[in-house]
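Chains as they are written, first to last, in my numbering: chain A, 25 to 424; chain B, 25 to 424; chain C, 25 to 424; chain D, 25 to 424; chain E, 25 to 424.
Just so you know, the hints here were simulated from the structure itself, not pulled from any lab data. Don't take each hint at face value.
The list makes no distinction among identical chains, and a pair is therefore deemed to hold if it is satisfied within one copy or across any two copies.
As the list claims (entries may be wrong) - Here are the simulated BS3-like pairs of lysine-lysine, each with C-alpha atoms no more than 30 Å apart in a straight line:
hint	residue 1	residue 2
1	Lys-180	Lys-262
2	Lys-346	Lys-414
3	Lys-414	Lys-262
4	Lys-346	Lys-262
5	Lys-161	Lys-202
6	Lys-180	Lys-161
7	Lys-202	Lys-180
As the structure is a prediction and not an experimental result, all values here were calculated from the model.
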Amino acid sequence: MPRRHARKHLVSRLKQRHPPGTMPGTLSIDPAAPRPVINVMEFDAAGCRERTDVSMEELDGLAIRLGRSGGQQRAAASGTSPASVSSTATRAGAGSGVLWVDVIGTGDAAVIQHIGELFGLHRLELEDIVSSHQRAKVEDYTDHVYLVMRECSCHKDLEQDQISLCMGQGWVVSFQGKHGDCYEPVRQRIRQRKGRISAQGADYLAYALIDAVVDSYFPALEHLGETLEALEDETTLKPSEATAAAIHHVKRDLLTVRRAVWPAREAISTLIREDHAFITADTRVYLRDCYDHLVQLMDMVETYREIGSGLMDIYLASVSNKMSEVMKVLTIIATIFMPLSFIAGLYGMNFNTQASWVNMPELNWAFGYPFALGLMAATATVMLVYFGRKGWVFGTRRNR
Amino acid sequence: MPRRHARKHLVSRLKQRHPPGTMPGTLSIDPAAPRPVINVMEFDAAGCRERTDVSMEELDGLAIRLGRSGGQQRAAASGTSPASVSSTATRAGAGSGVLWVDVIGTGDAAVIQHIGELFGLHRLELEDIVSSHQRAKVEDYTDHVYLVMRECSCHKDLEQDQISLCMGQGWVVSFQGKHGDCYEPVRQRIRQRKGRISAQGADYLAYALIDAVVDSYFPALEHLGETLEALEDETTLKPSEATAAAIHHVKRDLLTVRRAVWPAREAISTLIREDHAFITADTRVYLRDCYDHLVQLMDMVETYREIGSGLMDIYLASVSNKMSEVMKVLTIIATIFMPLSFIAGLYGMNFNTQASWVNMPELNWAFGYPFALGLMAATATVMLVYFGRKGWVFGTRRNR
Amino acid sequence: MPRRHARKHLVSRLKQRHPPGTMPGTLSIDPAAPRPVINVMEFDAAGCRERTDVSMEELDGLAIRLGRSGGQQRAAASGTSPASVSSTATRAGAGSGVLWVDVIGTGDAAVIQHIGELFGLHRLELEDIVSSHQRAKVEDYTDHVYLVMRECSCHKDLEQDQISLCMGQGWVVSFQGKHGDCYEPVRQRIRQRKGRISAQGADYLAYALIDAVVDSYFPALEHLGETLEALEDETTLKPSEATAAAIHHVKRDLLTVRRAVWPAREAISTLIREDHAFITADTRVYLRDCYDHLVQLMDMVETYREIGSGLMDIYLASVSNKMSEVMKVLTIIATIFMPLSFIAGLYGMNFNTQASWVNMPELNWAFGYPFALGLMAATATVMLVYFGRKGWVFGTRRNR
Amino acid sequence: MPRRHARKHLVSRLKQRHPPGTMPGTLSIDPAAPRPVINVMEFDAAGCRERTDVSMEELDGLAIRLGRSGGQQRAAASGTSPASVSSTATRAGAGSGVLWVDVIGTGDAAVIQHIGELFGLHRLELEDIVSSHQRAKVEDYTDHVYLVMRECSCHKDLEQDQISLCMGQGWVVSFQGKHGDCYEPVRQRIRQRKGRISAQGADYLAYALIDAVVDSYFPALEHLGETLEALEDETTLKPSEATAAAIHHVKRDLLTVRRAVWPAREAISTLIREDHAFITADTRVYLRDCYDHLVQLMDMVETYREIGSGLMDIYLASVSNKMSEVMKVLTIIATIFMPLSFIAGLYGMNFNTQASWVNMPELNWAFGYPFALGLMAATATVMLVYFGRKGWVFGTRRNR
Amino acid sequence: MPRRHARKHLVSRLKQRHPPGTMPGTLSIDPAAPRPVINVMEFDAAGCRERTDVSMEELDGLAIRLGRSGGQQRAAASGTSPASVSSTATRAGAGSGVLWVDVIGTGDAAVIQHIGELFGLHRLELEDIVSSHQRAKVEDYTDHVYLVMRECSCHKDLEQDQISLCMGQGWVVSFQGKHGDCYEPVRQRIRQRKGRISAQGADYLAYALIDAVVDSYFPALEHLGETLEALEDETTLKPSEATAAAIHHVKRDLLTVRRAVWPAREAISTLIREDHAFITADTRVYLRDCYDHLVQLMDMVETYREIGSGLMDIYLASVSNKMSEVMKVLTIIATIFMPLSFIAGLYGMNFNTQASWVNMPELNWAFGYPFALGLMAATATVMLVYFGRKGWVFGTRRNR
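This is chain A alone, in the form it adopts within the complex (with noise of 0.2 Å):
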């Protein structure tokens, strides 16, 4: 039953929430998160490594090739204040390579905190990152940028993901709720060497995900386009009480995909607007893009939710017009029969017929039962005709 799916997820959204009043910063593990994966791509023009579930150790020798371990880790040891973030901007530029470490799952704070240790990610950054239900936003950090997005996919019914994005000068650090399979068509063109991924910098490898996601909204809503329009024509041809509640039901994930695209498109707009060391003038042509299909995803989503509306006036509509042609044929047959009956029942009274003349003559008259059943057919026929007229019984078919 997809209501009960998508009603549990609203729960959830609240649930995970840490009690009111915790540190800032505490990291609220959801107990349901599963647990981290870590893969690593280094890439430049020249060559590609990828390494799949890497361990802590070989994570801490990678970052100290960067030239991000030492004051990082001194700097994580004496608290992950956020004095220390500025400190790490003086790093060196580690070299025209590009590092991407794709954190699958964020069900154990201990690996979470040392990845942000490594990478001079601040605390509140940290605590947005396992928290599952962030709205998108961007956050700059002096030496690095932090954006969070959801992503949405759409198999039976509407799923969603967190998926937040650390990206400095020559390394991208993602973080994915749970595995999905969004980024795969990226791996993909970086291994294979297609287009320019591979040629450019860390900014550019940054867009290629978020575009990754942004696409991963138009399934999505298609699937839930494609429902509307199945609505559409059940609610004109038959509809059930279900229709009401499919309705309702698409118009709640509509607002889900809203909730979803309207702050992102608020994001990345910052992203394109701020002006950020590490993102080239030539991705931001490219992040211009993602921002229209954005613009684009509101149009559709704003264009459904109207007709989501339309379709419930239709739908109340047709519950009239059906309960007004039950009263029809009710009122029909009614108007019909009570007449009748009531002459029937008028030559079924026991009037005694000898107690005087008046006294119920047609009974005893040679063609009394003719006479009655012609005075029931002219009735049958008067009423018939008015109905006629009134277009109620044959209008009726003709109308719909």
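Mind docking chains B, C, D and E on chain A? Use the hints.
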């Protein structure tokens, strides 16, 4: 069936989109799109040369004359990187003539790519040109401006087409999804050297083409307005179940027009506001006129949408009214004949009048039957008077 | 029938538009528009000269005196190109008097064009003047300002007219679609030298004309307000099917007024804000008053629209209530008489009382008939008490 | 009848307006407006002098003392031209005392004009003061500020009054349409020398008066809030036809309050933001408090309006529910008694049992009658069980 | 009964307000408000001292140590004029410790006034603190910032409390209307020296308190979300009259939460944007996190409100559907039994079969009774087939 058509459109809008994660700048050709046919017009104040169904080679020749071929071809070969875009800005002014390349149909990636290379179009631009679901926008590429809009035509159903315009100093390349005749009057004006168009530059030609597209919205809206009026009559006089669906359909079409007009307005506004070297102040005045038309169109669309929403309310009220009328007929008939039938039933009881004098003495009265008939007539009269006072019997007619 | 009129208006607004792709600046004369009649008033602090139905030649003479004819005529001959517009800014100040040319009717392209040439009007301006469906706007043409607004009058139905004002240093040319009397009070004030109008410049005259147009909205809105009140009574007391249509009609008229007032507000605001050389600070104070009136009108329109929407809700509630009342009557009657009829039917059965003592012994009881009547009375009483408790029988009355 | 009152108000708001085209600055006195009564208070930190029903001559004397009479009278004589307004800015500082002239009633053009001349008020200002339908606004006239607001009081129905305040250095002139007591607490505070009002300047007095007007909205809103609550009970427990009208009435009153509060908020905001010489920073802090109250009022109005809209929905749902319940009763009764009556009718048929053994042998059975009664009882039981399962019989009660 | 509680709240919000025209700065104590209990915490990086239920004298002592008593007391004695406010800005820095005075209950004007004098609070500020219906806002008083917010808690019904925070260099004074436990986690963190709170200044403490209040909205919203879900089930499965009222109730509570969250968002935004000397850049990062939470809350509130509105639509549709089903049952029964009863009535007529051979010969047929029964069975079958085809009999079940 009109609704079915509109629905197909809605789906196709989504289906043609490339799969998520595809490399940006990939030309995802819609297999249903017609193969491109290229028409070329060259004109200046002195004369005009027109060639239809131009081959790629002829186009190359034209581009060479325009001083666009050399640097362009090479830039294109080196990957159409945006860097090359700015380099093309140094080409020669190419005299005072205007070259208009009109490409009808976008069903061949190679042709589109070739044209893109000839005129130094960005690859994101080409991606937008071949995708058929773009929102109207203007993009500024140093040496040329890219504008995309939607054309609306309304033969039986509302149909849309995507119109792309790339305009540089001395040249305009226009792309249409399928053959439409909205540019025909502009061609006529160039051929017949009517008005100022021949004496003006490429910016004025671009304006003329934009104006033709904007003008295409008016007949479409007119058609929807007429449909609304017909529905207004239908709703008030004889609403049927199809009326609700028809109102919904018009509202949907208005949403479609709105989705075309609203971003077009923004796009034209951007075109006027921003400082493009090859758009003269004079043409800006004309574009402002175009902008005013779009504002007026929005105004009309919003008004029609409000009228449409109002119609749905009236429709629901009308259905309720009809049902209320049906109920009145039923109630009147039932309320009159039930008591009568009861009286008839009463005197149809078989109590033994000989058992005692209180057992149905009426049956043996001399005037028992007239008494019963009188009782019935009195009952019916009381009921009719009661309903008459309530305004149900004659009032029904008067109030309508 | 009022609705029919309003509808015709809606269509005509669209029909008069020139075909798509027409050359910009083409004067598409509405064949139904009356031929222009030109009235001229010349006045200064000393006196006033008024001429009605002025010929083209007389107008030329006047323009010569104003120092407008020479350069203008030539500029006009050279194609009314916008370039000539700025050149006309160099003409002489033309003394302190004010020339008001009032053109009633726009049904002759030659006359409009001639006037346009005399006063150096842009050809897009002329196109707007003769088209009858412009949105209110202000346009600034270096040496004069062009303002278009819609006048509303409400004799039986809401009627609109397009009012154009071109005002320069020392002259005002006004265009009306058809003869309306909204300028008459201004003419009176000039003739009778009442108030400050005679002593002021062309800007004050323009303000007085704008103010007259704005004032024309008040009676129209007043009429709609009164209609709304009448409908409020009708809806509550005796709603009929026509009520819904009438509410819809008022809402449509309010939309029309809104479409006139809203852009007019923007236009006047532009006029106040922008720095036109020939609008004095003093007149600006008066225009601000005008602007306040338009804000107040918007306020009223929005309030009326909300009341109108509320009325539709009440109407629907009222129809439901009426139907509910009808249902109650039916239910009460049916619920009382069905059991009674059943009892009567029961004792109308023909079981053979001689077959056994259990076969309908009541029929032969001495008090069988009173027993049956008592049973019926008891049943009816129980039902009435039940309905009385539910508040259906007497409650219906009390609650109303 | 409350609704009737409110309606009258709506019309009067329009009727009093001067005819279209009237000269601006014309004082169109509402014939129903009471004649002005002028009360004067003079006070400083040392003491307070109060005079009620002051004559024009006394007022002239006061004005002379204030150093306003000379230049003003002359300026007034020369036509109250705006030019004179700026000249009055040069008058003497008039010591540290505050003069408060409170004019109650605006029904005499001569008196209003005289006061206007004394204090150098612009003639558009006077026009606004005597017209009773102004939207709240602030206007800045060099040497004084003009503020107009609407007071709301709610004894039985919502009543409004227009409040004008002209405040300059050392003086405040206030105009009320009719006698209201909202200024009384301010007068008390001055008389009893309570609080800081006596020691402060005219700007603080103006603030105190504005605050009193703003405070007048609270009881009015409170009344509407209580009405809404009563209607909430009524709608849920026993909705009648009057409920819908009452909800509509409250929503209309809320619209009226909103129309008073919304522009007042803008006006006070303007007053705080703009730099008026005679409004001290200290008073600005108090005005900000006033502004906060208005924001809070808007908040409440919007909340109440949403509750009102929600109530209408519940009302419609409630009417539908009641009708549904009526239908259930009818259906249960009809569905039980129709089969019973049919059985009774069946055995009331007069087939000749002697014609053959198949002709109604039941009639002659020994237990024919008990058999028929049993058949009826079984039918009724089946029906009741069916309805019981559907939750119609006992469920109706439980669910309520 | 939940609704009753919510309503009381609505009224109390208004009732406590002081009468119109009251002197600004008057402390209108709500008689129902509890007497203040003052808890004090002093802490720095080294340690923490906590005192509960502090007397006024103790508080004076504390203030002297903070260097606030001298000048302040005198300023307070001289009338708490706003002028004194700026003078207090010159007091000593008071070391690095933080003093937190938490006042629970605002039911004693003298105590509040005394605290106000100690910390140099403006009298409008004190007025806001004791009034319980303030909208969230931030006010900047040179040497301290005043922030007011609403706390929401949801045990059974939604309850609100007003939270005021005055924060200066080294001190925070917080006021709560009644004892709530939302500050308890903050106190725990200070006591246990967990996190960074002990080592930070007053601004971080203020942030921690604001964060605790913002976190209080989440469980309240969660509760409303769960109620909505329960109502979603109820609406679809078995809607009763109480469902509509419950939906209305949730929508009202959402309005209340919205009224708390929306202005809080603005207030926090102001706090972040404006340049307060004692709010460090570091704390600003945390406040931005707080702001993000409020944006997310708004998002949820709006989503819930849309779901609530959608539910009302489904509820109405559901009621209509139920009625339609009831009508179908009635129509089927009536339509089957009316013709049957008519046939039975027909053969119950008493026409004299001996009068002629046409007079009801069926009565004497050998198979008259089977013939009549057959006629009835045929009629019933035809009717059932007709309804079956319409999908009324079995379709009703399938569609559900």
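For each hint, the structure was consulted:
In this homomeric assembly, Lys-180 and Lys-262 come within 30 Å of each other (Cα to Cα) both inside a single copy, at 24 Å, and across copies, at 26 Å. Proximity of Lys-346 and Lys-414 under a CA criterion of 30 Å is satisfied in both settings, with 18 Å inside one chain copy and 11 Å between copies. Within a single copy, Lys-414 and Lys-262 get their C-alpha atoms as close as 25 Å, and across copies as close as 11 Å, so both meet the 30 Å cut-off. In this homomeric assembly, Lys-346 and Lys-262 come within 30 Å of each other (Cα to Cα) both inside a single copy, at 10 Å, and across copies, at 16 Å.
In the homo-oligomer, the alpha carbons of Lys-161 and Lys-202 lie at most 30 Å apart inside one protomer (20 Å), although the nearest pairing across protomers, at 36 Å, exceeds that limit. In this assembly of identical chains, the alpha carbons of Lys-180 and Lys-161 lie at most 30 Å apart only when taken from the same copy (28 Å versus 34 Å across copies). For the identical chains of this complex, Lys-202 and Lys-180 are intra-copy neighbours only, at 17 Å inside a copy versus 36 Å across copies, given an alpha-carbon limit of 30 Å.
Checked against the numbered hints listed earlier, the structure breaks none of them; every hint is satisfied.
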